[in-house]
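Protein chains in written order, with this note's numbering: chain A, 1 to 248; chain B, 1001 to 1248; chain C, 2001 to 2248; chain D, 3001 to 3248.
Note that these hints are calculated values from the structure, not bench results.
One or more of the hints may lead you astray.
Claimed, not checked - Think about it this way: if two alpha-carbon atoms lie no more than 20 Å apart in a straight line, the pair counts; the simulated SDA-like pairs of lysine to any residue are:
#, chain 1, residue 1, chain 2, residue 2
1, A, Lys138, D, Asp3126
2, D, Lys3116, C, Ala2168
3, B, Lys1013, B, Arg1023
4, D, Lys3116, C, Gly2161
5, A, Lys116, B, Arg1023
6, C, Lys2013, A, Asp217
7, A, Lys36, B, Val1014
8, B, Lys1116, A, Val44
9, A, Lys116, B, Gln1120
10, C, Lys2158, D, Asp3027
11, C, Lys2036, C, Asp2058
12, C, Lys2138, B, Arg1023
13, A, Lys116, A, Arg212
14, C, Lys2116, D, Leu3245
15, C, Lys2116, D, Ile3216
16, A, Lys158, B, Arg1023
17, A, Lys116, B, Asp1045
18, A, Lys36, A, Gly80
19, B, Lys1138, C, Lys2013
20, B, Lys1138, C, Asp2247
21, B, Lys1138, D, Lys3116
22, D, Lys3138, A, Asp174
To be verified - Here chain D is said to cover these stretches of chain A; the calculated rule only asks that three of the stretch's residues, wherever they fall, bring their Cβ under 8 Å from a Cβ of chain D:
#, segment
23, 21 to 30
24, 155 to 164
25, 167 to 177
26, 188 to 197
Beta carbons are placed, not taken as given, at the ideal position from N, Cα and C, and that holds for glycine.
4 protein chains.
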Amino acid sequence: MTIRVGVLGSGGKVGQAVSDAVRAAADTELVAEVDKDDALSTFVDSGTEVVVDFTHPDVVMDNLQYLISQGIHAVVGTTGFDDARLDTVRSWLADSPETGVLIAPNFAIGAVLSMKFAQQAARFFDSVEVIELHHPNKADAPSGTAYRTAALIAEARKDAGVGRSPDATTTELDGARGADVDGVRVHSVRLAGLVAHQEVLLGTQGETLTIRHDSIDRTSFTPGVLLGVRAIASRPGLTVGIEPLMDL
Amino acid sequence: MTIRVGVLGSGGKVGQAVSDAVRAAADTELVAEVDKDDALSTFVDSGTEVVVDFTHPDVVMDNLQYLISQGIHAVVGTTGFDDARLDTVRSWLADSPETGVLIAPNFAIGAVLSMKFAQQAARFFDSVEVIELHHPNKADAPSGTAYRTAALIAEARKDAGVGRSPDATTTELDGARGADVDGVRVHSVRLAGLVAHQEVLLGTQGETLTIRHDSIDRTSFTPGVLLGVRAIASRPGLTVGIEPLMDL
Amino acid sequence: MTIRVGVLGSGGKVGQAVSDAVRAAADTELVAEVDKDDALSTFVDSGTEVVVDFTHPDVVMDNLQYLISQGIHAVVGTTGFDDARLDTVRSWLADSPETGVLIAPNFAIGAVLSMKFAQQAARFFDSVEVIELHHPNKADAPSGTAYRTAALIAEARKDAGVGRSPDATTTELDGARGADVDGVRVHSVRLAGLVAHQEVLLGTQGETLTIRHDSIDRTSFTPGVLLGVRAIASRPGLTVGIEPLMDL
Amino acid sequence: MTIRVGVLGSGGKVGQAVSDAVRAAADTELVAEVDKDDALSTFVDSGTEVVVDFTHPDVVMDNLQYLISQGIHAVVGTTGFDDARLDTVRSWLADSPETGVLIAPNFAIGAVLSMKFAQQAARFFDSVEVIELHHPNKADAPSGTAYRTAALIAEARKDAGVGRSPDATTTELDGARGADVDGVRVHSVRLAGLVAHQEVLLGTQGETLTIRHDSIDRTSFTPGVLLGVRAIASRPGLTVGIEPLMDL
């Protein structure tokens, strides 16, 4: 049996990519596409089981209140969720105990896995550094993902009582050794021809482990969305991030 | 307080590397070195808490019987353990319930982690392939580690109901697509200047995840040995492989 | 002063990418776009100096005969040029001694450079192997570029009197060591999430050199086209491939 | 016929590695080993054709004066040659017009090639950055080789009229974007388990070219020394660096 899926924000590029992915998968069926001028009741009328919402912070809370009230599960990639918003969603879900909502800042499975693996491996190595590589139009350095990866690594090492990576540098040309995020060095490369890439390098005596993630396409989030669509019906309540769905 | 460590097989290159590592670590102390003509009682006399055994299949069982009878923990890198030998060790340990023995085929932390991560990630990607790269004096292709990694990947995908990696190849120059290990393609590079390296490549729409392990030194096993030395006292009974000690 | 450029085959995806690139560059100006129903005289009327032709083997010869007769330079990416066709173009150019024509099978600068560098480096290393990695919809393995790269490497080594790469493999799972192209091993990876990538690995005692080319976008040929547009006016006669324009 | 080779500084680690390499090669023969207490006349007595000198700045000039006066070719890896010293060597060679001397700061063939290729490719790409990765005991960041590579890249781009790599960074955590060497960004990674590695990344629309050099062994200079030994007899006068011997 297939899962009956609806798409909210179906007119945008992201929404279209979601619709394409839902259509292409063998176990999901696209039953409703709703854009900003369409009625949310379309989902009820079409018997939608799971709605994917890539819309806007201004409208996502109204969307969720409606969907939860109708017992329709939701997979949400819209941004702008702070603790207050998450608490509101939890309170709505308390009144609809069989409904599941997934809110995730990052649906790229490879990104989530590489962050997780970096965190797990961090305490076993003397040294850890992060290199992130992006297209030259990016405004911030390091990337948000690299910053967060480094912070998670630093936390894992601190929890395990592992000290700073050794570094005998005494003469440094300003900036050569990268940025320092909680004691973890992060290097940001900006290069034409790249999209979004990250390497975590871990080293100890005689061996190194490298975890590299390459994302070259705006559609790299769709496998993660489908993962959420498949899992959310059997996971009532609020889930933040796709990692809990991955049983790692 | 430091852990009092003894080394069995102290005359060999591997034994010496272990002795060096034990001496260099802040929390371990080298209290006894025993080679083939020395008495095992040296360990008792010196108050050894953990013995590291890199000796020979011909003598390792006698070593273990003695150490277990004296309540001395053991970390064993000697090869040749089949199920029958493991059962024998377990029966000895049953009579010494506070003693711990670790027997591991591979102490390289990076190798163990990369195999584990590959196995965890395998079911989330459409495609997986393995490339291993070694010095040109290696006799077997693929390497044992690559073969085992591919088999674990294949098993993880089968358990999750994931099909074969897609492949539209219709015209192939013989061997181009590598060896087939349970449906996972494995490529073996042999190159002067390399030592022992492995990449697991996982790909899905628009993104790839690469897990690479480089081992360039025969001493890359010592951090794993120290990990075993630190953990084994609080882990009575038999432990096979260092992974259970890593709390992944 | 800018170069006045016309595009032939302006209706296709490739033609549009060329038009975009010509418009975007500071030193080129798009003065004519001609598709299959338009008259070639448009180029003369608009004062076009260089025409870029990405059309079809059926029409490209007529295009070239006209352009050469009018003294308009041409940069050609259309396929299907054999020796007979090249000779015909040369004979037309003999009557128009100031006109230049560039016909190139590959405009990706990175691909051309990596092939050249592999060829230059090949004789200095004991070992050379090639890994090419592509999306899983590719029908042939190895890729044409990898095959040609390996053949050029083999030729360079033969010319320098360098023997085969050392290889002690005695036990091989069928295909593990890749395909054999004139004695050079070539490995073909097919992975979802990839586009077109190639690594040439060269190794000698204690060191390796890796030349890697990644192409992730169909527009990666446009910088090579602009290179041709800028150079062809000062290079009368026929030029085959962009390498001669690069002064390596 | 083999080349009769002598080694100066035969007692040191480097000297021994040279002796081993000369012995192992099919076309060279080790006929004399001279250390600090031995007479230089040993080379004359043994019929040495080429001497390899890895000694000390304090003695190398005396060594060279003697060797040149005897018409013995020299391959020199000893450091400390400034312009004045090179001029002195040239003046001695003027009196012995058939003798050849090679003085090279770096004998690693892969390092020389990667620097050369980076320089050749630099002007064809919008963006270039350098990442160097070394063991954590290194005192300077970036490495001398990375600094020199970046400077050569900057010069090649300047000569070709190519501007700075594009970079839209407006928010930077201090150091994230690396050091600036003549407008080329250089990133220095320090990691346990590494030896000496360098990547030059070049990118333009939709494609990147990466030139990576890995050196994992102190003996990686010996193939370059043998290259010098084979070439120097047919190259009278002073040659600086091995690149001129490589016919690139």
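These are the hints, each one checked on the structure:
1. Lys138/A - Asp3126/D: holds, 16 Å
2. Lys3116/D - Ala2168/C: Violated, at roughly 32 Å.
3. Lys1013/B - Arg1023/B: Measuring from Cα to Cα gives roughly 15 Å; hence the hint holds.
4. Lys3116/D - Gly2161/C: violated, 23 Å
5. Lys116/A - Arg1023/B: violated, 33 Å
6. Lys2013/C - Asp217/A: holds, 19 Å
7. Lys36/A - Val1014/B: violated, 68 Å
8. Lys1116/B - Val44/A: Violated. Lysine 1116/B to valine 44/A sits at ~43 Å, over the 20 Å cutoff.
9. Lys116/A - Gln1120/B: Given that 20 Å is the threshold and the Cα spacing comes to 11 Å, the pair holds.
10. Lys2158/C - Asp3027/D: holds, 18 Å
11. Lys2036/C - Asp2058/C: holds, 12 Å
12. Lys2138/C - Arg1023/B: violated, 55 Å
13. Lys116/A - Arg212/A: holds, 12 Å
14. Lys2116/C - Leu3245/D: Satisfied, since the Cα-Cα distance of roughly 19 Å is no more than 20 Å.
15. Lys2116/C - Ile3216/D: The hint is violated at about 26 Å.
16. Lys158/A - Arg1023/B: violated, 25 Å
17. Lys116/A - Asp1045/B: violated, 46 Å
18. Lys36/A - Gly80/A: Holds. Lysine 36/A to glycine 80/A sits at ~18 Å (cutoff 20 Å).
19. Lys1138/B - Lys2013/C: violated, 49 Å
20. Lys1138/B - Asp2247/C: violated, 41 Å
21. Lys1138/B - Lys3116/D: Distance ~32 Å between lysine 1138/B and lysine 3116/D Cα, so the pair is violated.
22. Lys3138/D - Asp174/A: Holds - the C-alpha atoms of aspartate 174/A and lysine 3138/D are around 16 Å apart, at most 20 Å.
23. 21 to 30: Since three or more residues must qualify, the claim that chain D covers the segment 21 to 30 of chain A is violated, with 0 doing so at under 8 Å.
24. 155 to 164: violated (count 0)
25. 167 to 177: holds (count 11)
26. 188 to 197: holds (count 7)
When held up to the earlier numbered hints, the structure conflicts with 2, 4, 5, 7, 8, 12, 15, 16, 17, 19, 20, 21, 23 and 24 and fits the remainder.
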